[in-house]
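Undergrad: Chains P, L and V are the protein sequences, given in the same order. With the first letter of the first sequence counted as 1, position 154 gets the number 1553 in this note's numbering; the numbers rise by one all the way through. With the first letter of the second sequence counted as 1, position 10 gets the number 415 in this note's numbering; the numbers rise by one all the way through. With the first letter of the third sequence counted as 1, position 42 gets the number 627 in this note's numbering; the numbers rise by one all the way through.
The set of hints was computed from the structure by calculation and includes no laboratory data. Just so we're clear, the structure is a prediction, and the values are computed from it rather than from any experiment. You may find that some hints are simply not true.
[As the list claims (entries may be wrong)] Mimicking PhoX-like on lysine-lysine, the simulated pairs with C-alpha atoms at most 20 Å apart in a straight line are:
1) L:Lys515 to L:Lys504
2) L:Lys515 to P:Lys1508
3) P:Lys1598 to P:Lys1651
4) P:Lys1580 to P:Lys1598
5) P:Lys1598 to P:Lys1652
6) L:Lys504 to P:Lys1508
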Amino acid sequence: MSRELTYAQAIREAIALAMERDDRVFLFGEDVGIYGGAFGVTDGLLDRFGPERVRDTPISEAVLAGVATGAAMTGMRPILEIQFMDFITLSMEQLVLQAAKLRFMLGGKVNIPFVLRTPAGAGTGAAAQHSESLENWFVHVPGIKVVMPSTPADAKGLLLGAIEDPNPVIFVEHKLLYRHKGPVPEGYTPIPLSQTQVKREGADLTIVATSLMVLRALEAAETLAQEGIQVEVVDPRTLKPLDEQPIIDSVKKTGRVLIVHEACKTGGYGGELAAIIAGSEAFDYLDAPIRRLAGLDMPVPYNRELERRMVPQVEDIVDAARKLVREGI
Amino acid sequence: MDDRTETTSSPERSQGPSSEEFAGLSPDSLREALRRMLLIRAFEEQAEQLYFQGLIHGTMHLSIGQEGSAVGSIWALRPEDYILSTHRGHGHSIAKGAKPALMMAEFLAKETGYCRGRGGSMHIADVETGNLGANGIVGGGIPLAAGVGVSIQMQKLDRVVMVFFGDGAANEGAFHESLNLASIWDLPVIYLCENNQYAMSMSVRRSMNIQDISQRACAYGIPGVSVDGNDFLAVYRAAKEAVDRARRGEGPTLIEAKTYRWKGHSRSDKQRYRTKEEVQEWQARDPIRRLAERMMAQGWLDQASFQALQEDVAREIQEAVAFAMESPEPDPATILEGVYA
Amino acid sequence: MATPVIMPKFGMAQEEGTVIRWLKQEGDRVEKGDVLLEVMTDKVDMEVEAQASGILQGIRVGPGETVPVTTVLAYILEPGEALPQEATPAARTQAPAPAEETAKPPAVKASPVARRMAAEQGIDLARLTGSGPGGRITKEDVLAAAQAADQAPDSSPEPGRVRATPAARRLAREAGIPLDGIPGSGPRGRIQARDVERHLAALAASAEPEAQPIPGPGARPERAAPLTGMRRTIARRLTHSWQSIPHVTFTASVDMRQAEALRQRLKPDVEARGARFTPTVLLALAVARLLPRHPRLNAWLQAEGDELLLTQHSQVNLGVAVALDDGLIVPVIHGAEELGLAALAQRIGDLSQRARRGDLQPQEVMDGTFTISNLGMFPVDHFTALINPPQVAILAVGRARMQPVWDGEGFQPAPVLQLTLSADHRAVDGAVAAAFLADLKAVLEEPARLLL
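Excised from the complex, chain P in its bound form (with noise of 0.2 Å):
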């Protein structure tokens, strides 16, 4: 039986969960203790938990994730808030150097278990230095894991499946989906990582999309539907380690692919996919060159307008969807 939950509230389940069954996991971060989270996502875990297990800090973003990746060496399971993902640049030695790397240097004799969950994303008006989307940075980092989950039922799943894994996870949350509604199923429900799923079939045309697209796309598609042009809509979830074979099967079977992803297009995940898919057995399927539709190459505006069309809108994948098509560009 599932209700229906927010994204935020199915995190906020996930972790509670988690730190029920496990005294290992912990939560740590600015403001996530008594302010409830920025984004008000671990709003009552410290009456629920206490200090000890529930700890605000002090803003030291180096020093926090170093203490994600100290803690977990040594037993301890964290959960790192980097309060707006653009942050995550004051932690980036720590994870970089330390993280993704003392296991492997070590000759694989420590595991290092933590999750850093960080909201991502432009609309919010909060301008370029508060609306970052990271997660390609660390699709280029062996030894980290990238999830971005884009419903609740994902969010729940996967932070639960992140705690569980024995690697760092990056688990990127996207600032516009907190609010947004979905089934949610009861109960400790993990998602392993590195499955992605096929959110609607369609024959015509895959779009392969990440976070907030996914949702775009799935809107995209119902209008694309009327005109008769059958779209299947494909999630990775996990960025990295990426689950390819779905996407592949999918390209085979429409033979047209579009990439969207609200990051910005050069050096975006969306080039990683489309090699992946130039590359593999789906390359002898496609009859229309694979197409990316991302944010602008620029820094996100204050300007609402502005803001709006750096990032890719359901229009923006209806028109590229009908052109890739009917006229096969």
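On the provided structure of chain P, position chains L and V as indicated by the hints.
TA: Okay, now just chains L and V, sitting in the frame of chain P:
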């Protein structure tokens, strides 16, 4: 190293009037400490030789001359206590009980090394002896130590974590963040700064506006103390006090051990930034010789036994080298192992 | 001002032409009126003259290539002028896939030429506004769109390189067919999977099962050579005719005694006028005089989008088939119903002669409304001819053979001719065809009836 364990957990009253002078350490314990320092020096000298012979590749950071601070501080720890070390961490590893043979094997990038040949000199670790690794990033271990401290606290373990770092690291932002966090959460961390006067070529006189790094402790409301890093006993005393504090849950301490490295920063260092005179001046304060002399003055050591120690150590190092040389390289088929759990 | 050299249209129903050879080369200085190249249209060779003086540049259609009429073949430039930026040169095509006629009817109104050109140029007809009657999209509209469209900077692939998607390549590879010649409906003429699928469907519909003859022990390997030139054109035409026209045939036997007697009597007079009075001439006269009374047989049936248009002609443009060394050609006598016997005989004689010499003008093989094909000079009693679209009928004439004919009292020997009318059953029903044959038989058996 059971001998030492017994000694440090329940300090034996030594025979003779100078037990205070020797901080409650027994002659056996002191002898073991001396041997440990000799082992470090012999190991480092041998590593240097192998490097010159082209058998060790990459780079190396030798701690010859700093044995007093390494052994003195770690002598205050129990086997289950954690350490995090620096790129100049061979001495800390050996002090904490790492086997020279497995360290040598790691230096020669062999599969039998502590890190299966994947880490090398700068990343030596021996997790079983609580050694969470040397670190190639200046100050890289400092934030990790805070995490270990949190871990100890939350698991209610009777342990402490000692993190080593140099004068250069004390200028990194992470140092300040870590001390601050440890201070507000009363983390059981001993911040052990080995101030060897130079961060590569940058003298402390030019890189900071204060005389003693220990002065920074007051910015975080924690105790800070500077000691002569080449005086084994002075270091031991300060460390012991800090460790006891941490174990009692009273929070972190910053210890500055002033010392000097005899060799250049790394193998490629031309040492343009210091004078030969300065080096010689510090070499005169050799921590090994100083402890040996003090023990001899007490009658707990003589030339012959000192010689015997040196020969014993030399033998151990030779065996270590032999073991390392004979060990196999990693199998290329296992190249991706260890990236993900 | 760059002057395009285009594939000319010489006749109403001509849709394409084939370049035979260039008489001027890339970079040559040409004067207005110079012959630039020879082309073949509807089996007749034509010369194409320069419409301006200048430098001949940008030749993009070579010998043996067939393109739709009005396709730009080259340009004549003023010295120093650059070639105009164009969308894509026309794709070379082979046989129009017969399946195009039977394909799902498209929703947009466009002429067949426009449709084909749009497909080859990768232009979506739905995006064009038609300037033709009823908003029909014409070839001019498509040309204009092709010129206006500024697609990717990299233009045509090197000659020989085919643009096709990986899916299209795979399908072609799996079917064992080459990609060349498959018209591409994708952008810039790119061959898409659906183009290959359509092509395969067409092949499946038209092809006989390809049984490679297995050579026996003593067989010598023969060399296969492609059909070229006129033969190829004939092959295409006939395939088209056979596949798109439902042929129905009607045979009548005609007692030729009176016709023969008449022919013998008038022969000297006709020959005095410099013409030969062959049986064909007489047949032609009879057919030409009778067709105006059977207009449904003197008509064109043409596909226009999803409609079939029937044009009944008042004038009879009678085609008379002439056998050549390696083929068949049908010169046309325009307004044959008006010609007297001698004139008709002259025309037929002249056309046949020139046909055998390869000396016909394009208009002399065009716009026929009915065709007669006479094999009576051979021991062929009866045969079925294939209709020349857009005509709806053709009359095949066999040899006159002595047969016993019942005259009411007894059997008399008489030369009997078999006439076989093939008609397009979409436009011509049995009764219509039978009525014509009845008339024709009556007139031939009693020529005086022509006066009626």
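Undergrad: Each hint should be assessed against the structure and marked as holding or not.
TA: Consistency of the hints with the structure:
1. As the CA atoms of lysine 515 (chain L) and lysine 504 (chain L) are separated by approximately 15 Å, the hinted pair is consistent with the 20 Å bound.
2. Restraint check: the Cα-Cα separation between lysine 515 (chain L) and lysine 1508 (chain P) comes to about 16 Å, which is no more than 20 Å; the hinted pair holds.
3. For a cut-off of 20 Å, the pair hint linking lysine 1598 (chain P) to lysine 1651 (chain P) stands: about 17 Å separates their Cα positions.
4. Restraint check for lysine 1580 (chain P) and lysine 1598 (chain P): the C-alpha separation of about 16 Å stays at or below 20 Å, so the hint holds.
5. For the proposed pair lysine 1598 (chain P) and lysine 1652 (chain P), the alpha carbon gap of about 15 Å is at most 20 Å, so the pair holds.
6. Note on lysine 504 (chain L) and lysine 1508 (chain P): the hinted pairing holds, with a Cα-Cα distance of about 16 Å set against a maximum of 20 Å.
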